[in-house]
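Full structure from sequences and hints, please.
Position 50 of the sequence shown, counting from 1, maps to 50 under the numbering used here, and the rest follow consecutively.
Everything labelled a hint here was simulated from the structure, so no lab data went into it.
Glycine residues also receive a C-beta, built at the ideal position from the N, C-alpha and C atoms.
You may find that some hints are simply not true.
Taking CB as the label site, the calculated pair distances span [what the hints assert, rightly or not]:
(1) Glu48 / Asp9: 18 to 24 Å
(2) Asp32 / Asn75: 16 to 22 Å
(3) Arg95 / Ser38: 16 to 22 Å
(4) Gly13 / Gly78: 26 to 32 Å
(5) Ser51 / Trp7: 17 to 23 Å
(6) Arg95 / Glu54: 16 to 22 Å
(7) Asn75 / Asp24: 25 to 31 Å
(8) Ser10 / Leu76: 17 to 23 Å
(9) His59 / Arg95: 35 to 41 Å
(10) Arg30 / Ser51: 29 to 35 Å
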Amino acid sequence: MFGVVLWCDSRVGKAVIWCEDHGDLAYFRRTDTLEPMSMDAGDWVQFEVTSGCEMRYAHNPRLVAEGVFTGLADNLKGIPASELSGRPPAAKIIRFVAPEPARRGYETSATDRG
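Listed below in structure tokens is the structure:
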């Protein structure tokens, strides 16, 4: 599976990856402390995925392209690109407004009751 690293802490060897199928996020935890972690937020990675304990886990991540989705995590949080320091806007974010709730309990006119 392919995905984009949304968050990464190379010091503790953990990462959160947004998967290409837009399903649940995949969590990565480095198990080999001798192997350096070579990914950062915004990197495009390929990995194997397993599920367990109601979570998805990423295994054997391999870097496909470095930093190609920088700022994606901020965009998903809804932070306008113009507020991100030093980063050009990657795309226009369109905010959706929730529709008004349906009206309930309205009276019909006498002509409607026919």
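Structure-based check of each hint:
1. Glu48 / Asp9: 18 to 24 Å: 21 Å, holds
2. Asp32 / Asn75: 16 to 22 Å: 32 Å, violated
3. Arg95 / Ser38: 16 to 22 Å: Since Arg95 and Ser38 have Cβ atoms about 35 Å apart, the given range 16 to 22 Å is violated.
4. Gly13 / Gly78: 26 to 32 Å: 29 Å, holds
5. Ser51 / Trp7: 17 to 23 Å: Since Ser51 and Trp7 have Cβ atoms about 20 Å apart, the given range 17 to 23 Å holds.
6. Arg95 / Glu54: 16 to 22 Å: This hint is violated: roughly 31 Å between Cβ atoms.
7. Asn75 / Asp24: 25 to 31 Å: With a Cβ separation near 19 Å, Asn75 and Asp24 fall outside 25 to 31 Å, so the hint is violated.
8. Ser10 / Leu76: 17 to 23 Å: Since Ser10 and Leu76 have Cβ atoms about 21 Å apart, the given range 17 to 23 Å holds.
9. His59 / Arg95: 35 to 41 Å: Since the Cβ atoms of His59 and Arg95 sit about 36 Å apart, the hinted range of 35 to 41 Å holds.
10. Arg30 / Ser51: 29 to 35 Å: Given about 19 Å between the Cβ atoms, the range is violated.
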